[in-house]
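Turn these sequences into a full structure, and let the hints steer you where they fit.
Top line first, the protein sequences correspond to chains A and B. Under my numbering, the residue at position 50 of the first sequence is numbered 50, and the numbers go up by one with no gaps. Under my numbering, the residue at position 252 of the second sequence is numbered 252, and the numbers go up by one with no gaps.
In short, the hints are calculated from the structure, not lab data. Values in this document were obtained by computation on a predicted structure and should not be read as measured data.
What the simulated footprint calls covered on chain A by chain B, stretch by stretch (three residues with Cβ under 8 Å from a Cβ of chain B suffice, anywhere in the stretch; the number is not a length):
(1) 51-58
(2) 91-100
(3) 103-116
(4) 141-154
Some, not all, of what chain A presents toward chain B, calculated at C-beta under 8 Å:
(5) Thr-82
(6) Glu-83
(7) Arg-85
(8) Lys-86
(9) Val-165
The following residues of chain B were derived to be distant from chain A, with all beta-carbon distances above 12 Å:
(10) Gly-26
(11) Gly-52
(12) Leu-102
(13) Leu-127
For glycine and all other residues, C-beta sits at the position ideal for the given N, C-alpha and C.
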Amino acid sequence: MTDPVIQIRGLSVAYGSQQAIQEVNVDIPARQITAIIGPSGCGKTTLLRSISRLMELVEGVRVWGQVIFEGQNVYDPHVDVTEIRKRIGLLAQRPFPLPMSIYENVAYGPRLHGIRKRAALDGIVEKQLRAAGLWDEVKGRLHAPASALSVGQQQRLCLARGLAVEPEVLLCDEVTSALDPVSAQRIEARLLELKADYTIVLVTHVLRQARRLADYVVFMYLGELVEHGPANQVFHNPQEAKTRAYLEGEFY
Amino acid sequence: MGKRLEERFFLALMVASMMIVVGSLGLILVTVVVKGLPALNLAMLTQAPQGGYYLGKEGGILNAITGSLALAGGATLLSFFLSLPVVLYLQLFARDARFVHLARLSLDVLWGVPSIVYGVFGFTLMLLLGLRASLLGGIIALALLELPILVRAMEEVMTMVPFELKESSYALGATRLETALRVVVRQTVPGLLTALLLAFGRGIGDAASVLFTAGYTDRLPTSLLRPVASLPLAVFFQLGTPVPEVRERAYASALVLTVIILIISVSARLLTRRLTRHVIR
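Put into structure tokens, the structure is as follows:
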């Protein structure tokens, strides 16, 4: 296992009085795809979103424990949360382009972080649209509204938008579940390419997808981390009875 | 059979209610047009009252048209700049749910306050400040009247913004303010515009709040500190005279007021269509 980029230590999250995840400890390896799997409601998404402190946007959520990102606890009160979110990007389940043009969607993040020069923005937009595999489809209509794209294209636009702030980590929350098979396949191909440069954490409820993509697997059940390890090991030789049961399709 | 009869009976009731609603609107429009149109001429729209206007002689209501536009325009602008921060605060920043609730409750109460109360309040305020009846005074009173409408209507629109859209912005490292101004406002532009027009419509049609605060004059508005005329008061004063020609002009003035509101609504619709280009559904 390569050095961990993110070390999660004793992480618990509660919505009001309801505990969503409890005492999670896991290391996320660098430049690999880590898949978080488990039945629905097991806390996969909560765990994922806690990494870049997105859970605190939801009213009534409390978080304990630490997420150590490159030696720094993300939950340290002195940490600039916008800086953390810039370095740890998110690709959500359903694409939500911002209410602006295709170009402006990609340029939004870089603009926030101080890039103003047109030439620099043009370069970023082209580079990231290419990285997301969307450039050829939109290069002639960069200033058309993003809402006019198909859902599959919108998801790739959201990928380009996320990449444009040059994050080190990409959190992917069931990113293909709203897409048709062809679009889903395209996104998967992108993720496999991107892991050369990015650490990817992927939540998925599609086991086959996890098998196709994951290098490292985290299995969650009822808010607890049951098992984690290299994909080969977890899929072919699970140590825990619950993991085995889930992999064999006894519950979803 | 009984059920079908029941259904028909209630259908008839619904249709009757619809007729009453649509019919009243039609009747109002017909009355205003039939009684106002004969008195309406170019001079009415392009001239201020001349000597003897109120006895049926030469002149028009340009003073009231321009005055009303200045009053309602100024008030809408003022209350917009007052309410946008309030709305953004309530929507994106406020942490204390009880405070937000209290704020909304007070706005709802303010919404229900009769406009004459705003007029009297504005008048008291002006006395305190040493101001006399003026365009500025009218703008302030009308802005108070429009404020709750604007805040609540704008809030309504912003509540509809999907959480995921805001999250997308935060996830890129945007602050609350950046998200508010660059994403939420842009997403809600059509709704904000509708809210502005709603407020403008309420403002331009209100007589009681400008009665004491803006006064009335035969001159065109030239200064924030001078009194201005307004269309609702033009209707009121002209309808109160014993001269039949002048009473006809009251209906003509009402027609002008109605047409202004109509033009604004329609152009808003057209403008909204252009602005929805980028909105995410």
